[in-house]
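Enquirer: What follows is each chain in one-letter form.
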Amino acid sequence: MAPSAPPPAAPAAERTDAPAAERAAERQARTQRVGQKPGTLTVRPDAPPPRLFLMLYDAQGCDEAEYTGRYDELLAAVRAQPERRYWLDVRGYGDLPLIERLMENFNLHPLQMEDVLNDDQRAKVEVFDDNRLFLVSRMAEFTADLEIDDDQLSIFTGPNYVLTFQDDYEDCLDVLRNRLRVANSQLRQRPSAYLAYALTDVVLDHYYPTMAAVGDYIEELEDGIFGARRERRLLGRILRVKKDVVRLRRLVYPERDKIAEILRLPDEAVPEAVKVYYRDCYDHAIQALDLAESYRDNISSLADLFLSDQSNRMNEVMKVLTIISSIFIPLSFIVGLYGMNFQHDDGHGHLLPLNMPELYKPLGYPILLVILVLIVAGQLYYFWRKGWLSSDD
Amino acid sequence: MAPSAPPPAAPAAERTDAPAAERAAERQARTQRVGQKPGTLTVRPDAPPPRLFLMLYDAQGCDEAEYTGRYDELLAAVRAQPERRYWLDVRGYGDLPLIERLMENFNLHPLQMEDVLNDDQRAKVEVFDDNRLFLVSRMAEFTADLEIDDDQLSIFTGPNYVLTFQDDYEDCLDVLRNRLRVANSQLRQRPSAYLAYALTDVVLDHYYPTMAAVGDYIEELEDGIFGARRERRLLGRILRVKKDVVRLRRLVYPERDKIAEILRLPDEAVPEAVKVYYRDCYDHAIQALDLAESYRDNISSLADLFLSDQSNRMNEVMKVLTIISSIFIPLSFIVGLYGMNFQHDDGHGHLLPLNMPELYKPLGYPILLVILVLIVAGQLYYFWRKGWLSSDD
Amino acid sequence: MAPSAPPPAAPAAERTDAPAAERAAERQARTQRVGQKPGTLTVRPDAPPPRLFLMLYDAQGCDEAEYTGRYDELLAAVRAQPERRYWLDVRGYGDLPLIERLMENFNLHPLQMEDVLNDDQRAKVEVFDDNRLFLVSRMAEFTADLEIDDDQLSIFTGPNYVLTFQDDYEDCLDVLRNRLRVANSQLRQRPSAYLAYALTDVVLDHYYPTMAAVGDYIEELEDGIFGARRERRLLGRILRVKKDVVRLRRLVYPERDKIAEILRLPDEAVPEAVKVYYRDCYDHAIQALDLAESYRDNISSLADLFLSDQSNRMNEVMKVLTIISSIFIPLSFIVGLYGMNFQHDDGHGHLLPLNMPELYKPLGYPILLVILVLIVAGQLYYFWRKGWLSSDD
Amino acid sequence: MAPSAPPPAAPAAERTDAPAAERAAERQARTQRVGQKPGTLTVRPDAPPPRLFLMLYDAQGCDEAEYTGRYDELLAAVRAQPERRYWLDVRGYGDLPLIERLMENFNLHPLQMEDVLNDDQRAKVEVFDDNRLFLVSRMAEFTADLEIDDDQLSIFTGPNYVLTFQDDYEDCLDVLRNRLRVANSQLRQRPSAYLAYALTDVVLDHYYPTMAAVGDYIEELEDGIFGARRERRLLGRILRVKKDVVRLRRLVYPERDKIAEILRLPDEAVPEAVKVYYRDCYDHAIQALDLAESYRDNISSLADLFLSDQSNRMNEVMKVLTIISSIFIPLSFIVGLYGMNFQHDDGHGHLLPLNMPELYKPLGYPILLVILVLIVAGQLYYFWRKGWLSSDD
Amino acid sequence: MAPSAPPPAAPAAERTDAPAAERAAERQARTQRVGQKPGTLTVRPDAPPPRLFLMLYDAQGCDEAEYTGRYDELLAAVRAQPERRYWLDVRGYGDLPLIERLMENFNLHPLQMEDVLNDDQRAKVEVFDDNRLFLVSRMAEFTADLEIDDDQLSIFTGPNYVLTFQDDYEDCLDVLRNRLRVANSQLRQRPSAYLAYALTDVVLDHYYPTMAAVGDYIEELEDGIFGARRERRLLGRILRVKKDVVRLRRLVYPERDKIAEILRLPDEAVPEAVKVYYRDCYDHAIQALDLAESYRDNISSLADLFLSDQSNRMNEVMKVLTIISSIFIPLSFIVGLYGMNFQHDDGHGHLLPLNMPELYKPLGYPILLVILVLIVAGQLYYFWRKGWLSSDD
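Residue numbers (the UniProt record's numbering), protein chains in the order written: chain A, 1 to 393; chain B, 1 to 393; chain C, 1 to 393; chain D, 1 to 393; chain E, 1 to 393.
It should be emphasised that the hints constitute simulated quantities derived from the structure, not laboratory data. All values derive from a computational prediction rather than experimental measurement. Treat the hints with care, since some could be wrong.
Heads up, the list lumps identical chains together, so a pair's fine if it works in one copy or across two of them.
[Said to hold, decoys possible] PhoX-like, lysine-lysine: derived pairs with alpha carbons at most 25 Å apart:
1) Lys37 to Lys124
2) Lys275 to Lys37
3) Lys275 to Lys243
4) Lys243 to Lys124
Construct the entire structure; sequences and hints are all you get.
Expert: Written as structure tokens, this is what we have:
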């Protein structure tokens, strides 16, 4: 099947560039939803039109096509081969009637569908009465603006399908699609609950490169603190990354809780054979939390170092000021002393011998110079003993 | 029915303008209640007279009227149509006999009624023996004085009614009243327990715009820190908003606990069909807590930034002082040196050739100027190498 | 019955004036008790002699008298009317034989009696085998020295009596005594367990005026921070109040736990009809804790503000120093330059035209003045642009 | 029986003087034990030789003797009167064969004996299969070096004996020995489990004088902060005491947990009649923890005060500098101005009337003096308005 | 059997020298594993080739040999004596086919084998269905770069063997190997589960020397703070060690949880006779955590001390500046005053008697000198009273 031409990617790209603006928009959307009937489906005006991707597979093979705008054809394709499993991947929510058809066809609860569209949910799992699952994962990315951009992946599982929703055309799931395309992959041979696990796992594992990027940036900041030309905005940057690390921790915590809850679900909802993999997943979540914790500690230490260094630099400035002032202010006094105009004679020819007789001594000036040098030497010795002359570096 | 003329709104408005004064009044009221018999009903002297609003509804329609001052008519209206459900909304407590009649007619416990009147309760739920509920919610508002103003909404549920109390004429429930006015709304078709849920949900959702307002203000503060003319009171403002965020967290925590307790109640008290909505509510409470936590982190970072920036500005002041002093104090010494009056002759015609011979050299002055320039250049080079000449911005 | 003359109140008053000294005495008493046989009764040497107050009541009436020094008469009075309930209120422990007779008559355990006399117990509840209760409450007061003075109220309940012990003649229970004197009060009609509840409740409610006093003082401190003449000891005072708030929290926590434990006791120990009131009490304890928490936050913010303000004031001092020094030090150099004595002629009639020719120019001085003014103007402009000239207030 | 001469006390005294050195030795001992077979008994080379004390008692009397070096005689004495209870008190571990004989005779587990010798165990309780107990308590002392010196007391209970081990000749148990010597004491009449309780209780109660000493020292530090001649090392001392308080808290926590565990033991291991006393003990542990917590808070406040005071002193230094500099630097400029040598005539008889005509005015100097005084007055007024002239004290 | 020549140790040594680089490599490896099929075995390119060590033992003796590169011979040797127990120690993972053969021969789960190769697992225990255990321990070392270098030890237990994996040729297990070589050691006589315990115990005990090294370093830092020539990088070092201590705590926590979990395992997985040793181990883990906590407290105090000392040094610098400036700036003003050129006569012979008559007084200069000395004395007295003249040391 020939995939239809994809809609232009620009609007989506614009949106993901600015997580702060996105959060502000979410905040506003949140406000407008106050008092709404629960289960009311609303789509943000800037939501891109949905693209539909279908991967229809069994142990033998995998057919793959984009059905954007051709939902009826998609349904027909799926129904034509009822014995095959499939993954229907919906990206973008900008078409409410289509969303409602999907909800009806797949028998989804309006409250859950509302959670899909209001894409600021924490990671969680909910079980339908018929043991189908509704899973929410969050895909986190460390952007160039030092922000954590996180998108929601909503997963519905059924007996022979997995249905995923995301509000963006871009995601981190290609690695999984490739595994599905490979002949004899486990993914193709196992039940669709295993595909749901694999999706959860890929998203969770994706926290590692995100955290690695954060970790690299933290090391960069560390280097920056002791660099010669420290920037004033460094602390701002340190605190921004701290915010990111805290955010990551807040994203991973619910992931861990979600997996713990999956492990407690009855075997009808999640087969024991799949749970063994979720257990592995659980370890990963714990490790990711550990990493986030240690990043947080590192950043706190960085902030402490920054502030101490700031104070250190002030110290050094003060030392220079103090040394120079302490040396030259007394000298200035002395030379000022001999700049006074006390008269040696009173203008009427009477000598006033006590008025600055030094000025009339043949060696007055050389002796004074020697005294000045001795004063400087004494002071330098004092400062050297205090350790103020040696640089702190 | 023609609603009676509402009492003038002014006193109520005055009260809500000053949450601090309100809190002081509460503190005083609290003090006066010490040692009172439990269940003693006391009304604050400044309580506005109660207004009574009735919404009498069933799936077919909704009759709405204000019965302020006409409680008997209200009772008659309700009893005339016993098969319809109704919401009786009492605003203002300034009429103790009426309150006591309500207590008697609706069979409310004095301790609970005391909780209604002493409107500083945490969100909570209590169950009557006959499975009626007593719910307390708190409606929070971010005022122009940067305070969180929170009013209590007390909800009693019965088999076919919901009875609400609030001490103020203004509230955030109009959005719900509108939903009740709409034909075919779920609210009309479902049991009154669903209306109680909807009230709880609206109040909880109302935390979002409140938090959004706080969030916007935090971003304003963030901009303020790096602005050119930083105000000294900025930290005071940061800490005040921190107080608000902490207060919001303290308000939402009991809301979450309340909903968790509702979810654990037996189905006779809260039908399973309504619990599914409370579960959604629970997620919202968690998200609101999450938001409050991240605001708190942001504000702590802001305060750190403020203090570091303060120290930075001091650093800059010190650098200017140090550079200027370090350059000019030694120069002043040198020029002071040549301002000394050591005499080249002793007044009796004897030359004292060692006394400041420089002053008599043809190039004395130009050479000195060159020396001064060299000293300045040397110092500037030293400061430039230290990075003190480049601005930190 | 004519109450016997009360012992002079002075010693008791002296003791309550100085909680710090009291604590030191407690510390010493504690030390001396190390290794003592458990249940050893020791009375502090400064304990005032006990006064005995009896309130003998039933639904019909209440007889009240002081039996200080007449314990046998008291016993006779109680035994004469066995069908009436009574409250025996012992204030002051300075008479060990009397204490031991009370212990024997009321069948109290030595360990509990030891807890009564060592009056530094946390709030707690203990149950006798015969379902009598031993309750400890602490009555807290905010003194003029900014300390929390807390006295212990020990309550023993019996089938038809309540026996209370306190080491002081003053307490906060008069409000309850008045309720007992009122005809038809619930207190008289209900079992003595209700009186025990009422005592617990009054003491707990008494935390509110104490906290209100602390709260008022905190607001006073807040005003003090921005006042013109800030005192250096302000932080000391802030931290002392913080200590008080922490102390209050530590006092209320066990009260809450005590009430929670009472609620878990079997109905034989505490009738369900009384428990409903303890539940109300529990809410109050939670609210008091909430209040203490928010006071603690406020005080932390105050301390931060104080320190930032301290740094701000230093900043301002530095700015004044920097501006004045930066302006006048260079000027001083320049005028020093032209105070040098380089000679225009060498004393032998030879002109040295390069030595300070400016001094001989007709407009030398006016031009220099203009240059000085320009330098000042340039500096002022620089400082103005930096925002250093505008006050931070 | 004549007690054998005690070994010289000097080495023991030396060891307890230096808890830091002791801890270093422990650290090293710990390192050497890595990889050892569990249950390996090793004795530190500096362990003093064991002294054996026996108290053989029943309700009638108490025989007491030291059997140091005469273990066989001790065994004989005990076996001669099997119906009496006894307390065998071993102090010092410097004789491994003796330790091993004890282990064998009293049927002690090697792992527990290892815990006795490696005397850095936390307080704990272990139960043998035959319901005998192994208890570890820690005796804490506040030394003159501001350190917490804590020694381990290991207690083994048996049907009719208590066996205690300590590595030191000095302890805090004499108060208990005296109680055992007193005729008719409860200690003699009750089972040996009660003696074990009494030991535990005495050690726990001994935390109170230790904490009182710490508390007194904290108050001393408080006074030191506002003293005129504050020492620079004060913060070091504050932080050292903080360390002690934290250490005390860490010592008491396991004591509390130990007692809580004892209370949960079956009655065969600890009779109910003894548990009632442990419950009292539990309250003491909680109070000791409370005390430690409040000390910790006090110390944190002290450290804050110290730092604020430090900053305050700097502030004052800066103010003095600023006031003096601000007053005199401008004055110096002005007098420098009139120290310039601009010539009133050009040396060739031409008047240069614009060059410093002020110098030739009859009132030039007096007017200048007035101007200088006015400048000083203006500045003083400015500083007075800023509040810089009033001392902060 | 002659052990084959070991591969050159250099590469391994290089790797362990730089834990930071190692962590970066791990981070990258982690990133590359995202989306991989779970259970995928990947070996890092720099992994050293595996060396195989076999210890074949029973109560009678212990045969020991290296089988590097001769895995088949190893299998034969083991199978030849099926009644003996053995420990197979694999060091280095650089040979994937061998790893896969081991996995197959010992029936290991791919997910667990993946945990072995991705050697950044937390300490944990997993139980196979057949009650075999998979244990992960981490061996920590305090390196010369002030980093904690931790290597993973993976332990598989079987009915009569223990199989260990580590990625490095060096370890801390030699002490255990020596115990196994000793005749009649418990290790040889007990089941292989006891050997697994012994391995766990040795690794856990190894934390003590590591912590002792950290503790020694902390004391060194403490000395450094008060040393005369404090280095600016000291805080950096303090914070690095803090990071290490936090890391140690994070390493020991899972060890403790692992042992707690082992204690909860059924007796079929871990015999009760071995559990008694694990209980001892648990105490050690708690103690190690305690130590880590107290180190953390010490380091926080150190950082506080450092910052306070920094501020103290600034204080001292400021005092020197202030004293010298305050003394000499006023003096300079006075001598400047008498350096002014106000003319005593107007050049035309008219006397201007008010212009600086002091200059013409016979004792002008001596009196001025006295005045200057008095000013200095007054200032010194003022500074002495302020306590600024005495050093703070």
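Enquirer: Look at each hint and say if it fits the structure.
Expert: So, going through the hints one by one against the coordinates:
1. For a Cα distance limit of 25 Å, the shortest separation of lysine 37 from lysine 124 qualifies both inside one copy, at 22 Å, and across copies, at 23 Å.
2. For the identical chains of this complex, lysine 275 and lysine 37 are inter-copy neighbours only, at 15 Å across copies versus 36 Å inside a copy, given an alpha-carbon limit of 25 Å.
3. For a Cα distance limit of 25 Å, the shortest separation of lysine 275 from lysine 243 qualifies neither inside one copy, at 33 Å, nor across copies, at 35 Å.
4. For a Cα distance limit of 25 Å, the shortest separation of lysine 243 from lysine 124 inside one copy, 23 Å, qualifies, whereas the shortest one across copies, 31 Å, does not.
The structure is inconsistent with hint 3 alone, although it conforms to all the rest.
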